[in-house]
Amino acid sequence: MMIIPDWKNAIKVSQVLEAKYERSLGEAYSRYLNGLKEKKILGTKCSTCKSVYVPPRIYCPNCFKDNLNWIEVPQEGTVSTAVIVYISSKRERLEKPRIVGVVWLNYVSSNTVKPAIFHNLLGFSEKDVIDGSIIGARVRAKWREESTGSILDIEGFERVV
Amino acid sequence: MSRLVTNIYIKDKVAVVSAGMTKFTRRAVESTKELAWEAVNRALEDANMEIRDIECIVSGSAPDAFDGIHMKGESYSSSIGGSYKPHVRVYTGGGTGVMVPVAGWWHVASGLCDTVLLVAEEKMSPAQPHPQYVFKHIWDPITEKPLEPNLIWIFALEMRRYMYKYNVKKEDIALVSVKNKKNALDHPSAQVAEKITVEDVLNSEVLVWPVNRLDVSPVSDGAVALILAREKVAKTITDTPVWLEGIGFTLEDSMWINRELAYPLYVEAAARMAYKMAGIERPWKEIDFAEPYDPFDYKELQHAEALMLFNKGEAYKATKEGITERDGDLPLSPSGGLLGVGNPIAAAGLMKVAELYYQLSGRAGKRQVKKPVHTGVAQAWGDLLEAGTVVVMKN
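One line per chain: the protein sequences are E and B, in this order.
So in my numbering, the last spot in the first sequence is 161, and the numbers never skip.
So in my numbering, the last spot in the second sequence is 395, and the numbers never skip.
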């Protein structure tokens with residue numbers, strides 16, 4: 001039967017698979033990132049169902065038409081959910097925990113689609129996440145000095161006092 | 001919600017006639033092909049069938065990237081008896097395990113095949129330094145990946161929203177992990193079966209608050225196989241066929257930040273489709289037991305609610321009262337679930353379907369739920385909180 005007694009003594013081979021990707025962002029994300037470069041948050045609004053999309057799309061998945069208009073949305077919103085991150089993307093312990101969450105931006109949309117940004121939340125404590133006071137808190141985008149046309153042009157969303 | 005199925009012409013009734021599975025482990029020494037072969041061989045032995053008795057094959061495996069083998073379905077095909085036979089691999093992320101019987105059902109119900117072999121195989125352990133790293137590439141490359149997210153984030157964000165919206169406490173959610181790990185003590189394939197307490201869960205390593213290590217199912221390798229047959233053939237194979245009476249599958253928009261996360265509407269849509277096909281109008285009364293997908297403890301609660309077995313935000317109360325225990329009125333995850341048996345992604349979903357088969361054919365042994373059972377539902381979820389797959393089975 002099995003000639004391998006256990007994982008430790010198994011004959012193993014180690015390989016690194018490399019694959020590099022370069023993608024065109026398409027119209028919606030190109031305009032979104034250009035907006036970020038100018039420190040603006042852009043979205044699209046469907047003229048039929050009034051859904052507002054941030055991140056933007058050039059088609060409405062509900063109506064399946066492309067009659068959307070570009071709009072600039074406010075840089076303020078409320079926190080819909082937030083967590084405290086203790087591990088990196090490679091599952092190593094972080095030196096300093098991060099608080100991240102989803103911000104629903106203040107712009108009237110349809111009932112089911114919330115214009116939103118997923119980002120760092122600044123100026124909150126771990127306690128605010130645990131006791132739930134962070135949810136519903138008003139926050140505003142904090143921009144980095146230099147902008148390059150990336151979601152990281154925003155440093156995070158900070159509490160509006 | 002979209003308009004659901006109203007009329008399906010079914011040529012043949014579809015039965016599950018056997019099941020087989022490997023042990024679930026953190027690191028299997030068997031190769032991918034050997035692992036898949038082992039599960040298939042056990043299912044064939046269970047049915048007293050040979051591979052030549054199988055007409056078609058439906059297989060499932062989650063991202064190729066775990067194993068580092070591209071087009072894995074083609075790679076393992078001959079090890080599951082797929083040469084010169086119709087073989088298709090289906091993939092809906094974590095939903096794959098329950099998507100496999102859904103696609104298997106098409107093959108038999110349409111009259112295309114008399115017998116179909118279902119196989120779900122997963123080896124997560126090859127990915128280094130940790131399979132988590134592979135999950136990094138599931139995120140939107142422009143708006144999410146620059147934040148260096150870990151997959152646990154998204155569950156923590158959903159769990160936090162669920163807790164907030166329905167006022168559910170972490171200690172109430174932890175009860176699911178305690179129950180499922182205990183149930184798994186009776187499962188011969190189990191990887192992380194143990195007797196633990198709510199305190200153990202709350203005191204385990206915090207990964208991304210509110211998610212602690214014991215709120216999460218483990219990384220696993222494993223494989224599961226089932227055999228489906230049309231009614232006439234099924235009765236020649238076994239005296240206790242179990243009928244696959246309803247299937248449902250839906251996908252939600254991948255932009256998870258733009259919607260309410262507390263309630264998985266896509267699971268409800270898939271459940272409604274499956275219930276309608278199975279003639280179930282009041283699932284909370286007509287379903288005897290369920291295997292909702294539990295990669296995280298809160299997800300069993302959320303999924304049981306979307307399967308309409310409990311009111312929104314109230315599944316924790318039933319858990320607290322013991323209703324969802326194996327000897328309760330509506331047992332959830334009597335197998336031990338992903339939290340107890342393990343989570344080799346696609347294989348874990350099919351393990352839940354196998355549990356419906358074992359329970360409904362009266363072959364669950366020490367895991368047999370106390371009350372008589374006639375109808376069960378199994379469900380899986382996948383991708384960025386968007387795929388819902390459901391099957392309903394009856395004896």
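Think of the hints as simulated: they come from the structure by calculation, not from any bench.
Glycine included, C-beta positions come from ideal geometry on N, C-alpha and C.
Take these hints with a grain of salt, some might be off.
[Said to hold, decoys possible] Pulled from the structure, derived: some chain B residues nowhere near chain E, Cβ distances all over 10 Å:
| hint | residue |
| --- | --- |
| 1 | 128 |
| 2 | 150 |
| 3 | 160 |
[Unchecked claim] Quick list of in silico lysine-lysine cross-link-like pairs, DSS-like style, CA-CA up to 30 Å:
| hint | chain 1 | residue 1 | chain 2 | residue 2 |
| --- | --- | --- | --- | --- |
| 4 | B | 317 | B | 165 |
| 5 | B | 182 | B | 195 |
| 6 | B | 145 | E | 39 |
| 7 | B | 33 | E | 90 |
| 8 | E | 20 | B | 145 |
| 9 | E | 8 | E | 90 |
| 10 | B | 312 | B | 370 |
| 11 | E | 12 | B | 136 |
| 12 | B | 145 | E | 90 |
[As the list claims (entries may be wrong)] Coverage of chain E stretches by chain B, computed from C-beta distances (three or more under 8 Å per stretch; other residues unrestricted):
| hint | region |
| --- | --- |
| 13 | 74-87 |
| 14 | 141-155 |
For the pair supplied as a hint, residue 20/E and residue 145/B, is the alpha-carbon distance within the 30 Å limit? Holds - the C-alpha atoms of residue 145/B and residue 20/E are around 15 Å apart, at most 30 Å.
Would you mind confirming whether the straight-line C-alpha gap from residue 33/B to residue 90/E stays at or under 30 Å? 28 Å, holds
Has the given pair, residue 145/B with residue 90/E, been kept, meaning a C-alpha gap of at most 30 Å? 13 Å, holds
Coverage of the region 74-87 of chain E by chain B, judged on three or more residues with CB within 8 Å: It holds: at least three residues are needed, and the region 74-87 of chain E offers 8 whose Cβ sits within less than 8 Å of chain B.
With a cut-off of 30 Å on the C-alpha distance, tell me whether residue 145/B and residue 39/E pass. With a Cα-Cα distance of about 20 Å, the restraint between residue 145/B and residue 39/E holds, given a limit of 30 Å.
Would the pair residue 317/B and residue 165/B pass a check requiring their Cα atoms to be no farther apart than 30 Å? 15 Å, holds
Would you say residue 150/B is clear of chain E, with no C-beta pair closer than or equal to 10 Å? 5 Å, violated
Is residue 312/B within 30 Å of residue 370/B, Cα to Cα? With Cα atoms ~26 Å apart, residue 312/B and residue 370/B stay inside 30 Å; holds.
Against chain E, does residue 160/B keep a CB gap of more than 10 Å to every residue? 5 Å, violated
Hint consistency between residue 182/B and residue 195/B [alpha-carbon to alpha-carbon, up to 30 Å]: Given that 30 Å is the threshold and the Cα spacing comes to 5 Å, the pair holds.
Given the proposed pairing of residue 8/E with residue 90/E, does the C-alpha separation stay at or below 30 Å? 22 Å, holds
Outcome, coverage of the region 141-155 of chain E by chain B - at least 3 residues whose beta-carbon is closer than 8 Å to one in that chain: holds (count 3)
This entry does not satisfy hints 1, 2 and 3, going by the numbered hints stated previously.
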